[in-house]
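Both chains are sitting in their own frames, so use the hints and assemble them into the complex.
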Amino acid sequence: MRQPLIRLQHPNAVYSVAFSADGAQLASGSLDKTIKLWDLPGADERLRLRGHSEAICSVSFLPDGKSLLSAGLDRTLRIWDLETGKLRATMSGHQAYLTCMARSVDGRFAVSGAHDKAVLLWDLSSNSRLATLGTHTDLINCIAFSPSGTAVASAGHDLVIRLWNVDERSAAQTIGPHDAPIQSLAYSPDGNTIAAGDDNRVIRLWNAATAEMRAELGGHAGTVKSLCFSPNGRWLISGSSDTTIRLYELPSGRFVEALTAHRNSVYGLAFSPDGSRLASAGFDRQIYVWDTSDLAAS
Amino acid sequence: MLTIPGADFRLCDGLPRRSFLQIGGLALGGLSLPQLLQAEESAGTGRSHKSVIMIFLAGGPPHQDMFDLKPEAPAEYRGEFSPIRTNVPGIDVCEHLPLLAQRMDRLAVIRTLVGSEGQHAAYQCLHGHRVRNQPPGGWPCFGSAVSKLQGPVNRETPACVSLQPKLGIPGWRDPGQPGFAGLAHAPFAPNASGTRDLVLDGMNLQKLRDRRALLNHIDLLRRKLDSSDSIDGMETYYQQAFDILTSGRLASALDFEQEDVETRDLYGRGSSEPAGYGDAGWLRNEDFLVARRLVEAGARVVTLSFGRWDWHGQPHGTNFDNARDHLPALDQALSALLDDLQRRGLDQDVSVVVWGEFGRTPLINNRGGRDHWPRVGCALLAGGGLQTGVVVGATNARAEHATERPVHFQEIFATLYHTLGIDVEHTTINDLTGRPQYLVDHTQYRPLPELV
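Protein chains in written order, with the working numbering: chain C, 1 to 298; chain B, 1 to 452.
Same shape as in the complex, but just chain B (with noise of 0.2 Å):
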């Protein structure tokens, strides 16, 4: 990881923090020389292009006291929170979300989210597909295929990113697997360690910017790696670090710093430490400003994990006094997403998804918690040029199960790959042995048609 420190600056606890930019790991997802030059003759400058932006809220959201309330359920089914109105007549959201219920004509609600796999991670959500029975070389992620297929926008940013912090338990801070599509295609990941720390010696954000020390610099760092034998595979990588990092534009996009203080303030104010009891990832708002940031410098999927969602109860607080941390923070921080990526033209082109690994059990436990639900979950859909202001499936009147248009998670990636313009129908991927892999089970799921 090359460690650049930066100003010092205080978040909204007033502790005073350094921010620094890690390029992680030097594993810079999918620029090889041929594909560089493929890249070059292709993206045009200028040219927009279509992007996704997954939010993974890990630990499994509570589907019914967020999106789809039952307030005339039992006390011990329908909680402590109300429904709200939207502006879209007909649909209610939880009375903690009155941003988005403000903006509810441009999100698609999935009510009946099924086929988890029940497990505590985001594999399923990252890659469409279950851990267990994986062809040769494993599944790649959304945006390792997209890498795989679409390959970078230009040759400075990424084709996929995952701002997944390295926090909490294995399966939550996974950013995603390249599996067969290849570890040229693995997400770039610079909030999660790499294999070893590098320091550019007197090096920081403010010599970042100015491109000929940057040159020195790195020439330096050349010259100490072309003398050590101890780091493996630096070579394969060199070209393309050196082109991101002389370029600016991957530093600069992941610098939200450089946000004017008035877009900061609208997606509000984050934190750094773990969420909950400290086995997730941040409830980082920065994180949807970063990704807004990733999409216009050219990533084509960044995805990122907001908070810690899995709420069993007491000790730990109750699920709703998780959710009254929580909501608030996701409501200004996705509103703010929405109506940034609309106010630079950039909503139809940028798809949004927000979801976890699934929903949470319809009765309150004893300790006021809520405990896994495989059965239903929810996501909200955004942008992309989808159809919006919809909600898509019902639940039963405790949200214990679909009653109307079960929606499989493997069609919110095939309406997603839609958005790329990538058909599930026809395209495949090769996998370790050769054999073509298809992104999704496309004899059974398609894109969604009620939203494109």
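Only chain C is shown next, with the shape it has when bound in the complex (with noise of 0.2 Å):
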């Protein structure tokens, strides 16, 4: 059984995790209000950022490799000087608590979801809000960007994924429905898929241009809390409330192995850019640090 190369922690439940681009940091995001920076494969913590009045529901190291984006339930985003630990900027425009945030690959956007039902565009070279891409008619709980950076996908409890084109700042088109309120979004490193994961406890792979549904996975007996594609697009994880991290060979979406350490739901998972170490982050406190180099090898 796959067991834990690291085992980090915050005092409070940890939402969100991210590799820096050489995968030699870690960054986590909690309910305890801060961001720590790990250094990598040490484990030592390098930094703690506070200035958020509320959990963090993200964090994602900019391209920059200097900054790190961040986002939480006071509904900011922030900029953090990762040399200086030091807060650059921050962004306002939800009117409700912000529960999801996803940036461009290249770096240039970022967009977010909240419980006031709205999805809102970024511009993180001018630190300002670009526009609102739409609104949901219910809560917002996931959002993911495209790896082409052209479109988002939303979703949340009125149980539809909705596509929003970035360039024309317009809706593009709905997927689903799911059958309950859907928590984890995430897009295949082609583009092509998107997965989602809901209350009732499934996985379901849609189609991103056509809005089929490909494949149904289950297996969680909870709600499936976080989703994530190994970077070679080979392997579909899945975090839930469970408390298990379950592994998914792709494209036939054949469960391969459950990863069990977390002791409460799993809300977060980020994979290294070279596919070889998983993080996962947990209501339970814990980060886990896993080794996935057979995954990416494969």
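Take the hints with a grain of salt, since some may be wrong.
To give an idea of the chain B side of the interface with chain C (calculated C-beta under 8 Å), a few residues [said to hold, decoys possible]:
{"no.": "1", "residue": "Glu-80"}
{"no.": "2", "residue": "Glu-273"}
{"no.": "3", "residue": "Tyr-277"}
{"no.": "4", "residue": "Asp-321"}
{"no.": "5", "residue": "Asn-366"}
Everything labelled a hint here was simulated from the structure, so no lab data went into it.
We put the CB at the ideal spot given by N, CA and C, even for glycine.
Rendered as structure tokens:
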């Protein structure tokens, strides 16, 4: 059974993790309102970023390698200087809990979703809100940027995945519905598939272009809280309120392995850019880093 | 507050901490000179005393996910957890309380706690009364009433101690009010900040244990205070502070680091950070251990606040996320306390009550949470010579309301007073107008006949 390589902790639930571009650092965002920056593989805590007034829902290193983007329930996006640990910019615009954030691969844009049902587009070069892409009819729980940077997928309590055209700043199409609120989303590395996990404990794989459902993956005993594809696109990883992490082989969708270490819901998942490491973030205040070099090599 | 820096240590998160004692506020809970003398006369060395440890679960713990599971209810009511058997046939509890399940023979479960005022506050759990329509001076909390009626066990330990930290919203961090019992009977609250910090220069825990060094430092402090006109009321409590500090008994009781590592591990290592999203106290298992040490040192009533149980759902974790976080901690800390009290021969003399201000909604909301439900809640009782291994009360199929034997807050208080030898039918304390006030509405509420 696969065991974690490293265990890291926050004083409270951890919602999000992200690797730096070189895989040498890990960032984690927590309900304790702070972001921790860890040096790998030694697992030394290098920085603790304070400034959000509420839980951190999402963290992401920016492509310049010197900055970190975070989003919090305090309705703000923030950019941090990783050399000084200082806050460089704060962006606000949501009217209720900001629950999810994603950025484009090139780092030019970010998108966020919130309990105000709005999807906002942000310009990270000017640190300003660009547009409201649109709204859902209920709470938004998850959001993802397509690898091409031209589309955004968002989902939540209205049971559908809404696709937005970034260039035109408009709604593109609606995918679904699911049978229960959608809690997690991820784009495949080729941008052709959107994976969505819901409160009914299932993962549905959708064709991003045609909106057809490709597959439904079961097996979790609880809500599917987090999803991520491996960088080589051969694996889909899911985290759940049943405390486990499941590995599915693609394109078959065959379940291969369960990772058991967390004692509570798994809220965040992230692969290192080379796919050799997987980080998981849990409500149990733990972060685990797993060796997935076999998955990267497959 | 008297702050005495201590040794560095590490909590389970690996981060260094500096331990310290905070002898808060110098309002030390009722040791006027006449009472000191009276207590000296009445307290013999080696005589055991009755006491109560009250554990307040701030925010309203979910009764249907802890002690009153409804596995047959529809999914949107029953939630994610399954019941497990306990060592008492016929009594089941939540699967996340396996240690308590093995100790159910030493617990009494109240499944039908009623009469909640519905306020998000510790008040009703600490005072036994509603906030509204208080008599002149205000109701004393349970500990203050006991302090007034029975005085301290010894001159070194206040009769009532509150371990509530000064964290979170005012209603939850309330250590209990002395009300018309008088300020002299206010709970001693070492974890809450006083009106001013006093740093005893050059003092640390090591020196505190050196009485001669302490006396020298106290003398310096006394001279400093005598020359200062900015601290009011100091003289009133100076003698008490002196006695408490110089004896070392209270300081020792508060210092859980003095406990052996094995015992500390049994209780578990908690956190001093605010639980949940930061508007409540901490989830600190060590407080259960300190409570045991305090009753051993002579405290009659110790109250502590444990965690944040107000779980409305996302985005701060679902009710079940938070329960998976809090229930194992409660399971470990409370089980360790029960075992520890029994091992030390204290279980018949020390009563324990665990409860919160109300229950939670039977129907799970759309964010995976449960909201406030004053209609019914739950409580646990243990020790004190009470009948245990029993369940009192029953709720309907969805845990919405009591169908059998509703138990009022004041019946719990009547029972707790009973364990201390206080008869609520005949005992009164005068309010500020001189009117005698009964501790509970004795015309309606008596000690639970099922337990006494």
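Quick rundown of the hints versus the structure:
1. Glu-80: Because about 7 Å separates B:Glu-80 from the closest Cβ in chain C, which is inside the 8 Å limit, the hint holds.
2. Glu-273: With a closest approach of 4 Å, the B:Glu-273 hint holds.
3. Tyr-277: Check passed: Cβ of B:Tyr-277 comes within 6 Å of chain C, closer than 8 Å.
4. Asp-321: holds, 5 Å
5. Asn-366: At 6 Å from the nearest chain C Cβ, B:Asn-366 passes the 8 Å test, so the hint holds.
Going down the numbered hints, you'll see the structure goes against none, and every one checks out.
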